[in-house]
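Listed here are the chains, written in short residue letters.
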Amino acid sequence: MTQRCRPSAASPPPTTLPRRRRGNALIPVILVLFMAAFWPSHAADKENLASFDKVWSTIKEKHWNLEKTGVDWIKIGETYRPKAKKTSTRGEMRKVIRAMISELGQSHFNVYGGDGFATLETALGDFTRGGNGTLGFEVALVDDRLLVTRVHKNVLDAESGIQIGTEILAHSGKKLKPVIDDMTELYGDMAQGRLYMNRTLNSLFEDSPGMDKELTTVTNGKEQTRTFKMHPPLGRPKTILNLPTVHYEYQSEVMSDNIGYLTFNIFIPDVKTQFDNETLPSFKETDGMIIDLRGNGGGIGFIAVALSNRILSQQSKLGTMSNQGGTLNFAVFPQKPIYDKPIAILIDGGSASTSEIMAAGLQDLKRAKVFGTRSAGAALPSIIETLPNGDRFQYAIADYTSVGGRHVEGNGVEPDEVTPHTATSLKAGKDAALEAARQWIKSGGQL
Amino acid sequence: MQPKNVRYQLTLLFIALLTAPTLFAGDAAKVLDNVAKAMGGDDLEDVKSVVMTGNVKMPQQMNGKVEFMMKEGGMSKLKMNLTANGMNMVAEQGCNGDQCYDSNPMMGARLLEGQEKEQFQLSNDLRAAKEWRKYFKKVDYLGKETLNGKDVHKIHITTNAGIEMTQFVDAASNLVLKSVMTTQGPMGQMKVDSFYEDYKTIHKSIQFPMVTRINMMGQEVLMTFESFEVNQEIPDSVFAFPPSLQEAAGK
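Taken in order, these protein sequences are the chains called W and E.
Per my numbering, the very first residue in the first sequence carries number 1; after that it's consecutive.
Per my numbering, the very first residue in the second sequence carries number 1; after that it's consecutive.
Simulated from the structure, these hints should not be mistaken for lab results.
Yeah, the Cβ is synthetic: ideal placement off N, Cα and C, and Gly gets one too.
Simulated crosslink set (SDA-like; lysine to any residue; CA at most 25 Å straight-line):
1. E/K117 <-> W/Q335
2. W/K284 <-> E/P243
3. E/K65 <-> W/T273
4. E/K117 <-> W/G325
Not the full set, but computed from the structure, chain W residues with beta-carbon under 7 Å of chain E:
5. T239
6. K272
7. A306
8. N309
9. G326
10. T327
11. A331
Make the full structure from the sequences, and use the hints.
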């Protein structure tokens with residue numbers, strides 16, 4: 001069993017860090033986040049200008065609908081290129097490129113300095129060489145402290161000294177604060193930064209199964225340093241389509257207050273099968289259902305539709321994806337039996353892609369109330385490319401709007417009731433989002 | 001993930017089937033009449049049923065077997081057995097002469113309506129190439145151009161259902177080489193480019209493209225037919241709606 005602020009077990013979302021090869025390519029991919037070991041701090045003018053041209057031409061060629069932005073991109077290029085020519089440093093060039101990108105008025109495009117990535121990559125190497133093993137817990141940055149938010153009891157017992165609310169101070173003899181500061185600085189204002197933060201923090205505690213890891217922790221005011229062994233990954237290995245193997249976890253249970261709780265870590269066809277054959281029958285007499293999508297990085301998009309057609313009684317759609325080829329509706333065609341009790345959805349910064357499509361759609365349709373913290377804002381794949389001067393250019397190749405017309409890309413889904421973890425609640429072993437969702441359902445689940 | 005919606009792909013396959021035998025007033029009408037002749041002309045009247053089997057390749061290394069049956073009276077059924085790493089799925093679409101449906105295990109079953117239904121029904125008419133005036137509301141000749149080294153007539157078509165498409169007709173063979181279509185339905189609006197290759201005689205003088213490549217939203221679907229049987233006996237029961245759909249449809 002797993003002890004968590006949530007009452008059931010599901011492993012962390014598959015990280016998309018390429019070096020660990022655990023990523024699910026169906027969810028937004030961080031292509032080159034940690035590739036480079038060295039980038040020149042001062043690029044030649046030629047490389048800088050090539051970087052400007054690369055950004056301009058990429059947007060021209062790959063933006064899903066430049067015309068609709070009302071921006072004359074050719075003219076924009078003619079306006080900014082002379083300014084780009086006058087720059088002499090990467091920093092100056094970034095300012096020009098950012099100003100040009102800002103003309104689009106869309107949040108999902110940006111350019112970042114490459115140095116920060118290289119610094120973080122080096123720092124991460126002090127803690128992990130990458131692997132799919134787990135120490136049996138998940139962490140989050142709560143009130144500026146790295147706290148355990150979830151414990152897998154089948155990996156860590158009570159004697160481990162790790163419990164919900166435990167603070168991790170050091171790892172492999174090194175303090176974690178500097179690397180966390182690096183992450184915070186790098187991801188702070190980045191689109192999808194919450195997602196990257198979530199995944200990178202947890203990647204600190206992933207490595208090859210069997211390895212020993214020394215952690216310094218504080219639990220209930222008591223500091224201790226202990227060695228832990230990396231455990232093989234949790235969940236069933238699954239290979240879907242042409243994607244790397246992922247470890248799939250799915251759990252549903254009826255809690256003591258007759259509320260159904262469902263969680264899974266990736267949207268794959270198995271979810272639909274288990275939902276129809278196991279969850280819906282067992283939840284038939286419940287007073288409501290909580291779907292915990294925290295940490296769920298997404299998966300196959302139409303699985304969100306496949307689930308929603310059992311909880312929506314009218315033909316509708318969750319939202320619309322637009323790219324250069326047209327628009328694709330996430331259309332829902334209700335299929336009996338329909339679950340018609342209140343539904344709460346839990347999300348956080350690790351909830352991305354299909355998780356956001358489902359949460360935003362059901363929220364807009366007034367079919368679910370959303371609790372937790374704002375989601376990643378990564379409904380569709382975005383690409384981060386290395387520019388000729390070593391900087392990184394992040395861009396989207398499609399847009400997603402919820403049925404209510406909200407742009408999820410870069411913005412995320414805002415919960416109806418914001419219920420973040422706090423150090424106090426974690427120390428008490430409580431999950432603010434889950435508790436709020438249960439309370440809402442118990443009080444009738446009115447929207 | 002990019003959504004890999006089988007229903008769309010099924011629809012596209014039907015569009016491909018639809019657009020191959022059906023075409024294109026003034027000059028446009030002449031071109032369309034020539035297409036009708038090239039596709040089989042009066043021999044199309046002789047076709048009572050068709051059964052086709054082949055393979056389909058989809059993105060994400062999803063491959064499958066495809067079986068398509070058509071019968072006089074507006075009956076048809078397309079069944080695809082798709083397999084991929086970790087996934088197996090049987091998806092189908094069909095018409096019983098009156099209503100049309102779409103069904104797959106992930107999305108469930110639903111009746112097709114509006115433009116989707118009309119697209120499908122059009123594809124069921126074995127004589128549509130010959131009787132194109134029955135289906136096309138407006139046709140325009142856009143001129144001649146070159147496609148892959150061949151001179152082609154470019155025809156714009158608006159169907160009764162409101163589908164807008166452009167056909168590229170080989171000036172030499174009068175066979176359709178490409179169509180560009182904007183489809184509209186509950187699943188959205190998208191531009192679909194289809195390329196028809198490897199025309200072969202399937203019965204008397206009737207021509208059919210053995211290979212169809214479909215490009216949609218940045219993805220490609222390749223459909224290759226390997227076998228055809230014309231006028232074999234097919235019981236009407238083959239085209240009955242699946243029970244799950246009848247329930248979903250409230251029948």
